[in-house]
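Asker: In numbering that gives the first Met the number 0, the protein residues as written are 0 to 124.
Watch out, some of these pointers could steer you wrong.
[Said to hold, decoys possible] The calculated lysine to any residue pairs, modelled on SDA-like cross-linking and capped at a C-alpha distance of 25 Å, are:
(1) K60 <-> K106
(2) K63 <-> I119
(3) K82 <-> Y98
(4) K82 <-> A116
(5) K72 <-> L105
(6) K27 <-> V65
(7) K82 <-> D61
(8) K63 <-> L105
(9) K72 <-> P23
(10) K90 <-> A116
[As the list claims (entries may be wrong)] Label-pair ranges, simulated between beta-carbon atoms:
(11) E80 <-> A116: 15 to 25 Å
(12) K106 <-> A29: 33 to 43 Å
(13) V33 <-> I115: 29 to 39 Å
(14) R75 <-> T22: 12 to 22 Å
(15) R95 <-> K72: 13 to 23 Å
(16) E34 <-> R118: 28 to 38 Å
(17) K82 <-> A116: 15 to 25 Å
(18) T70 <-> Y25: 31 to 41 Å
(19) T70 <-> Y98: 19 to 29 Å
No wet-lab data here; the hints were simulated from the structure. In this text, a Cβ means the ideal position worked out from N, Cα and C, and glycines have one as well.
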Amino acid sequence: MGRLCIAVLTMALSGLVSAHQFTPTYPKLAPSFVEGLVSTQMTLFNRRSDVEYYELSVFDKDWKEVPFATTEKIVRVKYLETKRIDIFIRKADSGRAVYICSRSKLKATPDTMTLIASRICSKIT
0 MGRLCIAVLT
10 MALSGLVSAH
20 QFTPTYPKLA
30 PSFVEGLVST
40 QMTLFNRRSD
50 VEYYELSVFD
60 KDWKEVPFAT
70 TEKIVRVKYL
80 ETKRIDIFIR
90 KADSGRAVYI
100 CSRSKLKATP
110 DTMTLIASRI
120 CSKIT
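Throw the hints in and build the complete structure from the sequences for me.
Answerer: Written as C-alpha cells, this is what we have:
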C-alpha cells in the first residue's frame with residue numbers, strides 16, 4: 000500500500016512541473032559579421048506562467064563560465080512567448096565553449112509559490 004501511495008504522489012507532482020524550452024539542442028557556431036567573433040541563434044520559449052525572466056550563460060566542459068556577448072544576459076520572456084537570442088563568443092574562446100544554457104530566475108515574493116528553477120543547456124557541436 001505504501002508503494003502505491005508513493006507512485007500516485009510522484010505522478011501527481013510530476014504533472015505540476017513544467018520547464019521552458021531552449022533550442023536548438025545542438026547549436027553550431029558560425030562566423031559572425033563582427034571580425035573575431037562566432038555566433039549562433041537560440042530560441043527561448045516560456046511554458047511557465049510563474050516565471051518571466053531567464054539568465055543566459057556559456058560554459059566549458061568543466062562547467063566554468065566562458066565569456067560571451069548578447070543584447071541582454073537576463074531576458075524577459077512572458078508566458079507562452081518565444082524570443083530569439085543571438086549569442087556571440089570570441090573566436091579564441093570558441094574551442095572551449097561547450098554549453099549554452101538558460102536558467103529561470105525566480106521572484107522572491109511572499110505570495111508566490113514558485114519552488115522549482117529550471118536550467119536547460121544546449122551542447123555546441
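Asker: For each hint given before, does the structure comply? Return the numbers of the non-compliant ones in rising order.
Answerer: 1, 7, 10 and 18
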